[in-house]
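*Asks:* With the hints as extra help, turn the sequences into a complete structure.
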Amino acid sequence: MLITITNTKISASINALGAELIRLEKDSKNYIWTVDETYWNKTSPILFPIVGRLKNDTYSIENKTYELPRHGFARNLEFQIVNQTESSVVFVLESNSETLKNYPFEFELRLEYELDENELKMKYFVENKSEATMPFSIGAHPAFAIENSFSDYSLKFNQTEEFISYELDNEQFNAASKKIQSEKGIINLNYTLFEKDALVFKHLQSNELTILKKKEPVLSVQFEGFPYLGIWTKPNAPFLCIEPWCGLADNRNHNGNIFEKEGINFLQAKETFSKTIKIKI
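Residues in the sequence shown are numbered from 1 upward in steps of one, following this note's numbering.
I should point out that these hints are in silico values taken from the structure, not numbers from a laboratory.
You may find that some hints are simply not true.
[As the list claims (entries may be wrong)] Here are the in silico distance ranges between beta carbons for each label pair: (1) D27 x K101: 41 to 49 Å; (2) Q159 x S274: 22 to 30 Å; (3) K29 x E62: 46 to 54 Å; (4) P227 x E167: 12 to 20 Å.
All C-beta atoms, glycine included, are put in the ideal place defined by N, C-alpha and C.
*Replies:* Below, the structure is given as C-alpha coordinates:
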(Lines of atoms letter the chains of each structure in order from A and count residues from 1; the text may use other names and numbers.)
(Lines give C-alpha, C1' and ligand atoms only; values in the text may rest on other atoms or scores of the structure.)
Protein backbone atom coordinates (compact mmCIF):
# COMPACT_ATOMS: atom_id res chain seq x y z
CA MET A 1 0.00 0.00 0.00
CA LEU A 2 1.33 3.42 -0.99
CA ILE A 3 0.52 6.39 1.27
CA THR A 4 0.96 9.98 0.09
CA ILE A 5 1.19 12.95 2.44
CA THR A 6 1.17 16.58 1.32
CA ASN A 7 1.34 20.19 2.40
CA THR A 8 1.39 23.40 0.39
CA LYS A 9 5.10 23.01 -0.43
CA ILE A 10 6.02 19.36 -0.90
CA SER A 11 4.64 15.81 -0.92
CA ALA A 12 5.98 12.39 0.01
CA SER A 13 4.89 8.87 -0.87
CA ILE A 14 5.72 5.94 1.39
CA ASN A 15 5.19 2.22 0.84
CA ALA A 16 3.82 0.29 3.82
CA LEU A 17 6.15 -2.52 2.72
CA GLY A 18 9.25 -1.60 4.66
CA ALA A 19 7.78 1.85 5.49
CA GLU A 20 9.97 2.90 2.58
CA LEU A 21 10.07 6.44 1.20
CA ILE A 22 9.37 6.15 -2.53
CA ARG A 23 8.95 9.76 -3.62
CA LEU A 24 9.69 13.23 -2.27
CA GLU A 25 8.36 15.93 -4.58
CA LYS A 26 8.43 19.67 -4.91
CA ASP A 27 7.00 21.45 -7.96
CA SER A 28 6.39 18.05 -9.60
CA LYS A 29 10.07 17.09 -9.32
CA ASN A 30 10.93 13.87 -7.48
CA TYR A 31 14.12 14.08 -5.40
CA ILE A 32 14.19 10.34 -4.59
CA TRP A 33 15.58 8.16 -7.33
CA THR A 34 13.19 5.99 -9.37
CA VAL A 35 14.04 2.28 -9.12
CA ASP A 36 15.93 0.71 -11.99
CA GLU A 37 16.77 -2.87 -11.03
CA THR A 38 19.79 -2.76 -13.32
CA TYR A 39 21.39 -0.88 -10.42
CA TRP A 40 19.32 -1.44 -7.26
CA ASN A 41 15.79 -2.40 -6.25
CA LYS A 42 15.28 -0.06 -3.26
CA THR A 43 14.75 3.66 -2.70
CA SER A 44 15.04 4.24 1.06
CA PRO A 45 15.12 1.05 3.14
CA ILE A 46 15.07 1.01 6.94
CA LEU A 47 18.05 -0.84 8.41
CA PHE A 48 16.99 -2.80 11.51
CA PRO A 49 17.88 -4.62 13.75
CA ILE A 50 21.37 -4.48 12.21
CA VAL A 51 23.20 -2.11 9.89
CA GLY A 52 25.39 -3.62 7.20
CA ARG A 53 26.53 -7.22 7.05
CA LEU A 54 27.33 -9.60 9.89
CA LYS A 55 30.37 -11.83 9.65
CA ASN A 56 29.04 -15.03 8.03
CA ASP A 57 25.57 -13.43 8.30
CA THR A 58 25.37 -14.76 11.86
CA TYR A 59 25.67 -13.51 15.45
CA SER A 60 25.58 -15.16 18.84
CA ILE A 61 23.88 -14.63 22.20
CA GLU A 62 24.97 -16.86 25.09
CA ASN A 63 26.58 -19.31 22.66
CA LYS A 64 23.42 -19.65 20.56
CA THR A 65 23.79 -18.68 16.90
CA TYR A 66 21.23 -16.71 14.91
CA GLU A 67 21.12 -15.62 11.27
CA LEU A 68 20.27 -12.17 9.91
CA PRO A 69 20.58 -10.90 6.34
CA ARG A 70 22.49 -7.74 5.45
CA HIS A 71 20.71 -4.69 6.97
CA GLY A 72 18.24 -6.90 8.86
CA PHE A 73 14.63 -7.74 8.08
CA ALA A 74 12.53 -4.59 8.62
CA ARG A 75 12.99 -3.37 5.04
CA ASN A 76 11.21 -6.45 3.71
CA LEU A 77 8.24 -6.57 6.11
CA GLU A 78 4.81 -4.95 5.98
CA PHE A 79 4.27 -2.15 8.49
CA GLN A 80 0.90 -1.22 9.93
CA ILE A 81 -0.46 2.30 9.54
CA VAL A 82 -1.55 3.48 12.97
CA ASN A 83 -2.14 7.17 12.36
CA GLN A 84 -2.46 9.42 9.34
CA THR A 85 -3.21 13.08 8.63
CA GLU A 86 -2.89 15.08 5.45
CA SER A 87 0.77 15.88 6.16
CA SER A 88 1.92 12.98 8.37
CA VAL A 89 1.75 9.22 8.73
CA VAL A 90 2.92 6.72 11.35
CA PHE A 91 4.02 3.16 10.52
CA VAL A 92 4.60 0.41 13.10
CA LEU A 93 6.30 -2.97 12.92
CA GLU A 94 5.99 -5.31 15.89
CA SER A 95 7.94 -8.46 16.62
CA ASN A 96 6.18 -11.71 15.77
CA SER A 97 6.82 -15.45 15.69
CA GLU A 98 8.90 -15.12 12.51
CA THR A 99 11.14 -12.25 13.68
CA LEU A 100 11.72 -14.00 17.01
CA LYS A 101 13.35 -16.93 15.21
CA ASN A 102 16.21 -14.73 14.03
CA TYR A 103 16.09 -11.93 16.60
CA PRO A 104 14.91 -13.20 20.00
CA PHE A 105 13.55 -9.92 21.34
CA GLU A 106 10.09 -8.43 21.47
CA PHE A 107 10.11 -4.92 20.04
CA GLU A 108 8.09 -2.19 18.42
CA LEU A 109 9.67 -0.22 15.58
CA ARG A 110 7.83 2.98 14.71
CA LEU A 111 8.58 5.37 11.88
CA GLU A 112 6.84 8.72 11.64
CA TYR A 113 6.91 10.82 8.47
CA GLU A 114 5.93 14.46 8.86
CA LEU A 115 6.04 17.37 6.41
CA ASP A 116 6.88 20.87 7.64
CA GLU A 117 7.15 23.54 4.93
CA ASN A 118 9.97 22.34 2.61
CA GLU A 119 11.15 19.69 5.07
CA LEU A 120 10.44 16.00 5.59
CA LYS A 121 11.04 14.72 9.11
CA MET A 122 11.65 10.99 9.52
CA LYS A 123 11.38 10.01 13.17
CA TYR A 124 12.58 6.58 14.31
CA PHE A 125 11.43 4.96 17.56
CA VAL A 126 12.54 1.57 18.90
CA GLU A 127 10.87 0.15 22.01
CA ASN A 128 12.19 -2.88 23.85
CA LYS A 129 9.17 -4.94 24.89
CA SER A 130 11.34 -7.76 26.23
CA GLU A 131 12.43 -8.26 29.81
CA ALA A 132 16.07 -8.65 28.74
CA THR A 133 18.53 -6.01 27.50
CA MET A 134 18.04 -5.68 23.73
CA PRO A 135 21.02 -5.06 21.41
CA PHE A 136 20.15 -3.38 18.11
CA SER A 137 21.25 -1.08 15.32
CA ILE A 138 19.15 1.18 13.13
CA GLY A 139 19.88 3.29 10.09
CA ALA A 140 18.46 5.15 7.12
CA HIS A 141 19.33 4.60 3.45
CA PRO A 142 17.58 7.22 1.26
CA ALA A 143 18.73 7.35 -2.37
CA PHE A 144 18.60 10.77 -3.99
CA ALA A 145 18.23 11.22 -7.72
CA ILE A 146 21.30 12.26 -9.70
CA GLU A 147 20.60 14.01 -12.97
CA ASN A 148 23.12 14.29 -15.81
CA SER A 149 26.79 14.09 -14.82
CA PHE A 150 27.68 12.63 -11.40
CA SER A 151 30.77 14.83 -11.30
CA ASP A 152 28.54 17.93 -11.34
CA TYR A 153 27.67 17.12 -7.73
CA SER A 154 29.40 17.71 -4.43
CA LEU A 155 28.65 17.41 -0.72
CA LYS A 156 28.98 20.37 1.61
CA PHE A 157 29.21 19.48 5.30
CA ASN A 158 28.32 21.97 8.02
CA GLN A 159 31.76 21.59 9.63
CA THR A 160 35.19 21.90 8.06
CA GLU A 161 37.00 18.77 9.15
CA GLU A 162 39.15 15.84 8.09
CA PHE A 163 37.13 13.13 6.35
CA ILE A 164 38.47 9.66 7.14
CA SER A 165 36.57 6.80 5.48
CA TYR A 166 36.81 3.30 6.96
CA GLU A 167 37.12 0.72 4.21
CA LEU A 168 34.88 -2.27 3.67
CA ASP A 169 36.21 -5.57 2.34
CA ASN A 170 33.47 -7.98 1.27
CA GLU A 171 31.05 -5.75 3.25
CA GLN A 172 33.07 -6.02 6.47
CA PHE A 173 35.55 -3.59 7.98
CA ASN A 174 39.19 -4.56 7.58
CA ALA A 175 40.89 -1.91 9.78
CA ALA A 176 42.00 0.08 6.70
CA SER A 177 41.02 3.70 6.24
CA LYS A 178 41.68 6.51 3.80
CA LYS A 179 41.48 10.28 3.80
CA ILE A 180 38.87 11.72 1.43
CA GLN A 181 39.96 14.89 -0.29
CA SER A 182 37.92 17.94 0.61
CA GLU A 183 38.11 21.71 0.57
CA LYS A 184 36.41 23.84 3.21
CA GLY A 185 34.01 21.02 4.11
CA ILE A 186 33.16 20.16 0.48
CA ILE A 187 33.74 16.74 -1.12
CA ASN A 188 33.55 16.68 -4.92
CA LEU A 189 31.86 13.52 -6.14
CA ASN A 190 33.09 11.00 -8.68
CA TYR A 191 32.44 7.29 -9.07
CA THR A 192 36.02 6.32 -8.24
CA LEU A 193 35.34 7.29 -4.61
CA PHE A 194 33.07 4.23 -4.37
CA GLU A 195 35.31 1.61 -6.00
CA LYS A 196 35.59 -0.17 -2.64
CA ASP A 197 31.94 0.13 -1.62
CA ALA A 198 30.55 2.93 0.57
CA LEU A 199 32.37 5.78 2.22
CA VAL A 200 31.95 5.27 5.96
CA PHE A 201 32.65 8.07 8.44
CA LYS A 202 32.80 7.19 12.13
CA HIS A 203 33.87 10.39 13.85
CA LEU A 204 32.28 13.33 12.08
CA GLN A 205 31.74 16.63 13.81
CA SER A 206 29.18 17.52 11.12
CA ASN A 207 25.52 16.70 11.63
CA GLU A 208 24.22 18.11 8.36
CA LEU A 209 25.24 18.03 4.71
CA THR A 210 23.95 19.67 1.56
CA ILE A 211 23.95 18.09 -1.89
CA LEU A 212 25.20 20.63 -4.40
CA LYS A 213 24.82 20.52 -8.18
CA LYS A 214 27.24 22.81 -9.97
CA LYS A 215 27.78 24.46 -6.57
CA GLU A 216 24.06 25.21 -6.14
CA PRO A 217 22.16 23.57 -3.24
CA VAL A 218 19.67 20.83 -4.12
CA LEU A 219 18.69 19.56 -0.67
CA SER A 220 20.10 19.08 2.80
CA VAL A 221 20.08 16.13 5.19
CA GLN A 222 20.30 16.74 8.95
CA PHE A 223 21.30 13.75 11.09
CA GLU A 224 21.72 15.01 14.64
CA GLY A 225 22.68 12.22 17.07
CA PHE A 226 23.71 9.62 14.48
CA PRO A 227 27.32 8.62 15.24
CA TYR A 228 28.06 7.13 11.81
CA LEU A 229 27.43 8.13 8.21
CA GLY A 230 27.57 6.05 5.05
CA ILE A 231 27.60 7.51 1.53
CA TRP A 232 27.07 5.06 -1.32
CA THR A 233 26.32 4.56 -4.98
CA LYS A 234 27.04 2.00 -7.68
CA PRO A 235 29.16 2.44 -10.83
CA ASN A 236 27.37 4.85 -13.18
CA ALA A 237 24.16 4.69 -11.12
CA PRO A 238 21.91 7.79 -11.17
CA PHE A 239 21.58 8.00 -7.38
CA LEU A 240 23.48 8.87 -4.23
CA CYS A 241 22.59 7.40 -0.84
CA ILE A 242 23.07 9.46 2.32
CA GLU A 243 22.92 6.99 5.21
CA PRO A 244 22.88 8.12 8.85
CA TRP A 245 23.51 5.10 11.06
CA CYS A 246 23.31 4.07 14.68
CA GLY A 247 25.32 0.93 14.07
CA LEU A 248 27.95 -0.59 11.78
CA ALA A 249 28.75 -3.69 9.77
CA ASP A 250 30.96 -6.28 11.46
CA ASN A 251 34.71 -6.13 11.51
CA ARG A 252 36.14 -9.21 9.79
CA ASN A 253 37.83 -10.19 13.09
CA HIS A 254 34.67 -9.90 15.19
CA ASN A 255 33.96 -12.84 17.50
CA GLY A 256 30.25 -12.90 16.63
CA ASN A 257 28.92 -11.91 20.06
CA ILE A 258 26.37 -9.19 19.30
CA PHE A 259 26.84 -7.66 22.75
CA GLU A 260 30.49 -7.01 21.82
CA LYS A 261 29.76 -5.68 18.31
CA GLU A 262 31.21 -2.26 17.41
CA GLY A 263 28.55 0.44 17.35
CA ILE A 264 25.79 -1.69 18.88
CA ASN A 265 23.09 0.04 20.95
CA PHE A 266 21.37 -1.34 24.03
CA LEU A 267 17.84 -0.84 25.33
CA GLN A 268 16.82 -1.94 28.78
CA ALA A 269 13.42 -3.54 29.31
CA LYS A 270 10.55 -1.22 28.30
CA GLU A 271 12.92 1.59 27.26
CA THR A 272 12.46 3.54 24.00
CA PHE A 273 15.14 4.90 21.66
CA SER A 274 14.46 7.76 19.25
CA LYS A 275 16.26 9.66 16.49
CA THR A 276 15.16 12.11 13.77
CA ILE A 277 16.45 12.76 10.24
CA LYS A 278 15.39 15.89 8.36
CA ILE A 279 15.46 16.27 4.57
CA LYS A 280 15.00 19.83 3.38
CA ILE A 281 14.52 20.76 -0.25
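*Asks:* It remains to establish, for every hint, whether it holds in the given structure.
*Replies:* Verification of the supplied hints:
Look at D27 against K101: about 46 Å separates their beta carbons, and that is inside 41 to 49 Å. With their beta carbons about 24 Å apart, Q159 and S274 fall inside the hinted range of 22 to 30 Å. Distance hint for K29 and E62: a CB-CB separation of about 51 Å, consistent with the stated range 46 to 54 Å. Distance hint check: the CB atoms of P227 and E167 are about 18 Å apart, consistent with the given range 12 to 20 Å.
When each numbered hint is compared with the structure, no violation occurs for any of them.
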